[in-house]
Amino acid sequence: LPDSCRNALFEYAEQVKNLGSTLFKLLSEALGLKPSYLTDIECNQGQIILCHYYPPCPQPELAIGTSRHSDSGFLTILLQDEIGGLQILHEDRWVDVTPTPGAFIVNIGDLLQLISNDGFRSVEHRVVAKNAAPRVSIACFFSTHFHPASTRMYGPIKELLSDENPPLYRETLVRDYIKHYYSIGLDAKTAISDFRL
Numbered sequence: 034l035p036d037s038c039r040n041a042l043f044e045y046a047e048q049v050k051n052l053g054s055t056l057f058k059l060l061s062e063a064l065g066l067k068p069s070y071l072t073d074i075e076c077n078q079g080q081i082i083l084c085h086y087y088p089p090c091p092q093p094e095l096a097i098g099t100s101r102h103s104d105s106g107f108l109t110i111l112l113q114d115e116i117g118g119l120q121i122l123h124e125d126r127w128v129d130v131t132p133t134p135g136a137f138i139v140n141i142g143d144l145l146q147l148i149s150n151d152g153f154r155s156v157e158h159r160v161v162a163k164n165a166a167p168r169v170s171i172a173c174f175f176s177t178h179f180h181p182a183s184t185r186m187y188g189p190i191k192e193l194l195s196d197e198n199p200p201l202y203r204e205t206l207v208r209d210y211i212k213h214y215y216s217i218g219l220d221a222k223t224a225i226s227d228f229r230l
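Residue numbering for the sequence shown follows our numbering, beginning at 34 and increasing consecutively.
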């Protein structure tokens with residue numbers, strides 16, 4: 034990381050972490066749980082920031098920026114520039130996510146889908162190549178797999194289960210889920226389907 038960017042990125046990381054904490058509180062409440070629930074089970078304990086640079090592509094119809102995938106962790110907060118290129122899969126069609134200046138995109142990750150027992154759903158997305166100009170985005174991923182010593186098992190939250198809403202997924206260590214996620218690669222079926230009961 035260049036020295037000229039270091040302080041700005043550290044400050045950005047801290048602010049995005051605070052935003053993530055607020056989002057986890059709101060998501061807990063949306064599930065009918067106490068506001069601190071998702072934080073109490075350490076969904077916000079791991080954070081990684083990836084800065085993406087996609088150069089302009091002279092023949093975008095022959096290339097893809099990033100293959101289709103869902104995010105493996107609990108939550109992703111994305112800041113993209115005005116170039117666009119992000120698409121989500123909605124009803125078997127790729128839909129452009131139009132950039133909005135000053136706005137973040139929040140993606141639910143596979144692990145949040147798993148623990149919410151499909152109360153929240155991760156979304157498949159991709160980045161298409163553009164020839165207009167370079168595309169820059171900054172993604173912040175929240176996932177405990179950045180703490181390899183974690184032995185916490187994650188499965189559907191017990192308070193959300195009932196006879197009418199039985200568990201849809203088996204419990205797993207985050208590191209085991211992530212290992213499986215990376216073993217099947219991008220542009221394949223979603224990894225979470227292999228954890229369905």
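One or more hints might be untrue.
Stated by the list, open to error - With beta-carbon atoms standing in for the labels, derived distance ranges:
| # | residue 1 | residue 2 | range |
| --- | --- | --- | --- |
| 1 | Ala166 | Gly65 | 43 to 51 Å |
| 2 | Ser226 | Pro91 | 34 to 42 Å |
| 3 | Ala96 | Lys191 | 42 to 50 Å |
| 4 | Leu59 | Ile97 | 17 to 25 Å |
| 5 | Ile97 | Phe43 | 27 to 35 Å |
| 6 | Lys191 | Glu94 | 44 to 52 Å |
Quick caveat, the hints were computed from the structure, so don't treat them as lab data. Positions of the beta carbon are idealized from the N, C-alpha and C atoms, including for glycine.
Lysine 191 versus glutamate 94 beta-carbon gap, inside 44 to 52 Å or not: holds (49 Å)
Just to be sure I understand the hint, the distance between the Cβ atoms of leucine 59 and isoleucine 97 should be within 17 to 25 Å; is that true here? violated (33 Å)
Does 43 to 51 Å hold as the CB distance between alanine 166 and glycine 65, or does it fail? Given about 45 Å between the Cβ atoms, the range holds.
Lying within 27 to 35 Å: is that true of the beta-carbon distance isoleucine 97 to phenylalanine 43? Hint holds: Cβ distance 32 Å, inside 27 to 35 Å.
Assessment of proposed distance window 34 to 42 Å (beta carbons of serine 226, proline 91): Hint holds: Cβ distance 37 Å, inside 34 to 42 Å.
For the pair alanine 96 and lysine 191, does the Cβ-Cβ distance stay inside 42 to 50 Å? holds (46 Å)
Of the hints listed earlier, the one the structure fails to meet is number 4.
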